[in-house]
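Work out the full structure, taking the sequences as your base and the hints as a guide.
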Amino acid sequence: MEDFLTRRRSSFTFLFLTAINIALLTAHLTGYVGTIKDLLYYVLFPAQDVSARIVRSGQKFSQNVSEVINVHQENAKLKKMLEKYAYLETEYRRFFEENERLRNLVNFPKYWERKQVAANVITREPQSWFQWVIIDKGADDGIYLDVPVVAWVRNSPAVLGRVAEVYQNSSKVVLITNALSATPAQVKPHNEDGLVQGQNSQYLVLDYLLPESRVLVGNEVYTGTLSSVFPPGVLIGKISDFAPSESDEFKSAVIRPAVNFSSLREVVALVGTRQQR
Amino acid sequence: MNVILAYFSVFICGIVLQFGIVRYFSLYGVAPDVLLVSLIFISLVKGPLTGQLMGFFWGLAWDVIGIDLFGSHAFLYTTIGYFTGLLSHKWNESKLSSQMILTFTVSLFFLAGRHFLYKIFAPSEFGLHLNYILILQPVYNTVIAPLVFLAGGIFASRVRFEQK
Numbered sequence: 112m113e114d115f116l117t118r119r120r121s122s123f124t125f126l127f128l129t130a131i132n133i134a135l136l137t138a139h140l141t142g143y144v145g146t147i148k149d150l151l152y153y154v155l156f157p158a159q160d161v162s163a164r165i166v167r168s169g170q171k172f173s174q175n176v177s178e179v180i181n182v183h184q185e186n187a188k189l190k191k192m193l194e195k196y197a198y199l200e201t202e203y204r205r206f207f208e209e210n211e212r213l214r215n216l217v218n219f220p221k222y223w224e225r226k227q228v229a230a231n232v233i234t235r236e237p238q239s240w241f242q243w244v245i246i247d248k249g250a251d252d253g254i255y256l257d258v259p260v261v262a263w264v265r266n267s268p269a270v271l272g273r274v275a276e277v278y279q280n281s282s283k284v285v286l287i288t289n290a291l292s293a294t295p296a297q298v299k300p301h302n303e304d305g306l307v308q309g310q311n312s313q314y315l316v317l318d319y320l321l322p323e324s325r326v327l328v329g330n331e332v333y334t335g336t337l338s339s340v341f342p343p344g345v346l347i348g349k350i351s352d353f354a355p356s357e358s359d360e361f362k363s364a365v366i367r368p369a370v371n372f373s374s375l376r377e378v379v380a381l382v383g384t385r386q387q388r
Numbered sequence: 003m004n005v006i007l008a009y010f011s012v013f014i015c016g017i018v019l020q021f022g023i024v025r026y027f028s029l030y031g032v033a034p035d036v037l038l039v040s041l042i043f044i045s046l047v048k049g050p051l052t053g054q055l056m057g058f059f060w061g062l063a064w065d066v067i068g069i070d071l072f073g074s075h076a077f078l079y080t081t082i083g084y085f086t087g088l089l090s091h092k093w094n095e096s097k098l099s100s101q102m103i104l105t106f107t108v109s110l111f112f113l114a115g116r117h118f119l120y121k122i123f124a125p126s127e128f129g130l131h132l133n134y135i136l137i138l139q140p141v142y143n144t145v146i147a148p149l150v151f152l153a154g155g156i157f158a159s160r161v162r163f164e165q166k
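Residue numbers (the working numbering), protein chains in the order written: chain W, 112 to 388; chain U, 3 to 166.
Among the hints, a few may not be true.
Said to hold, decoys possible - Here are some chain W residues pointing at chain U (derived, C-beta under 8 Å):
{"hint": "1", "residue": "Arg120"}
{"hint": "2", "residue": "Thr124"}
{"hint": "3", "residue": "Phe125"}
{"hint": "4", "residue": "Leu128"}
{"hint": "5", "residue": "Thr129"}
{"hint": "6", "residue": "Asn132"}
{"hint": "7", "residue": "Leu136"}
{"hint": "8", "residue": "Val144"}
{"hint": "9", "residue": "Lys148"}
{"hint": "10", "residue": "Leu151"}
{"hint": "11", "residue": "Tyr152"}
{"hint": "12", "residue": "Leu155"}
{"hint": "13", "residue": "Ala163"}
{"hint": "14", "residue": "Ile165"}
{"hint": "15", "residue": "Val166"}
Honestly, the hints are just simulated from the structure, not real lab data.
Remember, it's a predicted structure, so these values are computed and weren't measured experimentally.
Backbone N, C-alpha and C fix where the C-beta goes; we use that ideal spot for every residue, glycine too.
Laid out in structure tokens, this is it:
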């Protein structure tokens with residue numbers, strides 16, 4: 112008997128469960144059946160809640176991944192735009208400064224009755240930084256030896272140097288800071304004469320000032336009437352200090368040039384008329 | 003104890019999968035009946051007793067959560083679990099064709115059984131109407147059957163189920 116029941120266990124279970132199922136089908140959702148269903152629903156509800164949470168977290172995760180990817184792409188795109196605009200800003204500033212310099216050149220006064228040839232500084236050697244530069248204008252543009260070259264500083268010209276070598280389309284300009292350069296000068300406002308000499312550095316020395324000279328620090332120095340190269344009245348620089356003189360008969364002053372020799376861009380060569388030449 | 007916990011976890015996973023996740027895999031309103039396919043697998047592997055018990059509880063859960071004729075899923079799943087379990091060790095469930103043929107046949111039986119139960123126990127309520135969903139449902143079940151059987155086989159080997 113026991114062996115029979117064991118072997119037929121599944122069949123008896125099936126009959127039992129079928130009876131329960133038929134009872135559920137015939138009872139409908141009334142009375143106890145409805146109550147049992149509601150009870151079972153509350154028992155099974157956490158499973159549904161879990162599945163909804165799983166789906167929501169999966170959706171949220173995919174949204175987060177998508178957002179991270181989008182943010183990353185947008186970040187890369189914005190970085191590129193930033194680089195582009197940083198470059199444009201640099202270019203804008205460069206053009207703005209060039210525009211200012213060129214505007215100043217255009218307003219250059221013509222009271223020396225000389226032809227003004229604007230040129231760009233194209234070559235400058237680091238080992239000869241305060242000695243010479245090469246400009247992009249030469250014999251074809253009317254340049255010749257000893258033509259004075261000035262630069263534009265705050266709406267007024269300032270001494271830069273003179274042409275020492277001329278080629279077809281370029282010229283070599285010896286700077287006023289070159290040790291070989293010597294320019295007669297006058298100190299305003301007292302109109303005291305002296306000789307400005309280059310030191311192969313960013314400073315100049317004004318020599319041959321009389322001991323009783325009333326020259327003070329801050330006085331401006333201009334080209335004198337004795338200069339054979341520069342027209343008179345062109346700004347050289349300002350007195351910044353007094354230097355020990357080699358001679359007891361004269362005293363010396365240190366001049367800070369008006370031209371910024373660290374930043375030479377556009378210059379003007381003052382080409383004279385045929386008679387002046 | 004491990005076996006009971008394993009069956010319980012299978013039960014819960016089946017509920018979560020069928021009622022929470024499967025709907026996102028529906029095509030034109032046709033969603034697979036993962037519980038039915040899983041029941042077929044369990045019945046073939048474990049025999050009629052496990053099959054009908056699993057079918058009863060899954061079917062009852064479906065009737066509780068759903069709004070169909072109360073008891074219809076429990077009855078049909080119990081029946082499917084029992085008779086499919088009788089094929090245990092007589093049907094080669096590892097072959098792809100066997101899986102698909104059995105799943106398609108059982109799915110058709112399930113649809114016919116539901117229609118029969120509605121006719122008898124709830125003739126005035128919503129019954130089955132022949133439309134493309136009824137035709138495509140067994141096909142969808144057949145398509146997912148190999149995946150379910152594969153996943154079930156991996157799970158069974160991990161939990162060290164003993165095959166009868």
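Okay, the hints, checked on the actual structure:
1. Arg120: 6 Å, holds
2. Thr124: Holds. Min distance 6 Å.
3. Phe125: Holds: closest Cβ of chain U sits about 4 Å from W/Phe125, inside 8 Å.
4. Leu128: Where the cut-off is 8 Å and the nearest Cβ of chain U is about 5 Å from W/Leu128, the hint holds.
5. Thr129: OK, holds: W/Thr129 within 8 Å of chain U, min 7 Å.
6. Asn132: 4 Å, holds
7. Leu136: It holds, given that the least Cβ distance between W/Leu136 and chain U is near 4 Å, below 8 Å.
8. Val144: Holds. Min distance 7 Å.
9. Lys148: Holds, about 5 Å.
10. Leu151: 4 Å, holds
11. Tyr152: Holds - the Cβ of W/Tyr152 comes within 8 Å of chain U, reaching about 5 Å at its closest.
12. Leu155: Cβ of W/Leu155 sits 6 Å from chain U, so the hint holds.
13. Ala163: 6 Å, holds
14. Ile165: Status holds, d = 6 Å.
15. Val166: At 6 Å from the nearest chain U Cβ, W/Val166 passes the 8 Å test, so the hint holds.
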